[in-house]
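Undergrad: Sequence:
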Amino acid sequence: MAQQVRAVVAKAVKEPVAIETIVVPDPGPGEAVVAVQACGVCHTDLHYREGGINDDFPFLLGHEAAGVVEAVGDGVTDLAAGDYVVLAWRAPCGQCRSCRRGRPWYCFDSANAAQPMTLADGTPLSAALGIGAFAEKTLVAAGQCVKVDPRARPEAAGLIGCGIMAGFGAAVNTGNVGRGDTVAVLGCGGVGDAAIAASALAGARTVIAVDLDDRKLEWARRFGATHTVNAGAGDVVEAIRDLTDGFGADVVIEAVGRPETYRQAFFARDHAGTLVQVGVPTPELTIELPLIELFGRGGALKSSWYGDCLPSRDFPALIDLYLSGRLDLDGFVSETIGLDGVEEAFGRMQRGEVLRSVVVL
1 MAQQVRAVVA
11 KAVKEPVAIE
21 TIVVPDPGPG
31 EAVVAVQACG
41 VCHTDLHYRE
51 GGINDDFPFL
61 LGHEAAGVVE
71 AVGDGVTDLA
81 AGDYVVLAWR
91 APCGQCRSCR
101 RGRPWYCFDS
111 ANAAQPMTLA
121 DGTPLSAALG
131 IGAFAEKTLV
141 AAGQCVKVDP
151 RARPEAAGLI
161 GCGIMAGFGA
171 AVNTGNVGRG
181 DTVAVLGCGG
191 VGDAAIAASA
201 LAGARTVIAV
211 DLDDRKLEWA
221 RRFGATHTVN
231 AGAGDVVEAI
241 RDLTDGFGAD
251 VVIEAVGRPE
261 TYRQAFFARD
271 HAGTLVQVGV
281 PTPELTIELP
291 LIELFGRGGA
301 LKSSWYGDCL
311 PSRDFPALID
321 LYLSGRLDLD
331 GFVSETIGLD
341 GVEEAFGRMQ
351 RGEVLRSVVV
361 L
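Sequential numbering of the sequence shown, starting at 1, is according to the UniProt record's numbering.
Hints were generated in silico from the structure; no laboratory data involved.
Any given hint could be a false lead.
[To be verified] Mimicking EDC-like on lysine to aspartate or glutamate, the simulated pairs with C-alpha atoms at most 20 Å apart in a straight line are: (1) Lys-14 with Asp-56; (2) Lys-11 with Asp-340; (3) Lys-11 with Asp-121; (4) Lys-147 with Glu-70; (5) Lys-147 with Asp-83; (6) Lys-147 with Asp-74; (7) Lys-14 with Glu-343.
Please read all numbers here as calculations on a predicted model, not as lab measurements.
Required output: the full structure, derived from the provided sequences and hints.
TA: The structure is reproduced here in structure tokens:
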């Protein structure tokens, strides 16, 4: 029987979010209902509210979540009520051209629930990234539920579902950071700090954190940055070169999503170095670079989609790193809040006062 639960909904572009009663259907074939325990407040949720993703309002926000499976639909065989899961916004289909070529992290037909959740009056909701987890319960495709060790507290575990995985994967999956590399990370929010932590774990000899906020730079040191650069204090490219024997970094990770920082990242690479863009831009932004520089500097310019992760492989691995004390997921949790605190949490995030606010249910 369908259930009515409380949830955070963005009804119109740039309007404050509100607590609404929503209807969560019983799971259909290939679906699961999950009782959400915790969900991080990610910048992508703000992008949805601001109209930066699309205009399919009203949105059911929240996507960085952990919880317990309550029920599954017909045909679901590898998931059961009571399983502790982190929700993923990529659930590889196994059938598209990318999956068939052995690249499921680029799946072009990722699964979502077929049924919509709705407002109490029947208005269909667009679930953020196919999840919609600022809610007491949510309906997802069963493939979006990744079972992890239940010893991991949900406030920390849920963050793997988006920001931590995006940053961590940008370094190790997309950027292939390895032993002895030099790395620079532009933007030290949750995603950037996850890239810093991953680079340190991968054995990078130099990890340079770049941001405009000294408070964020101090946080970056906690996650493994060996050097910090305040972007407002001088030429970022020259500062990175000075810290890498005059050459530039082997891998530069752009975790802001702005043309200015992308350009800095491009020129801060060593020759034949790698630039990884994981910061999410808004649709109107453009970049212009001299074509001779694109040719002459060589290397690789990569976009990292969700850290190019395979959730079924990578989520449990990151949880294991957390439980062994090697990945400080707790350090990303700046505060815990209720559903009614999301709008204020957006403001703190925009002001750079938190790495992650986490809704606890």
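Undergrad: Next step is simple, just say for each hint if it's right about the structure.
TA: Evaluation of the provided hints:
| no. | hint | verdict |
| --- | --- | --- |
| 1 | Lys-14 with Asp-56 | holds (13 Å) |
| 2 | Lys-11 with Asp-340 | holds (15 Å) |
| 3 | Lys-11 with Asp-121 | holds (14 Å) |
| 4 | Lys-147 with Glu-70 | holds (13 Å) |
| 5 | Lys-147 with Asp-83 | holds (7 Å) |
| 6 | Lys-147 with Asp-74 | holds (19 Å) |
| 7 | Lys-14 with Glu-343 | holds (11 Å) |
Hint violations for this structure: none, all hints satisfied.
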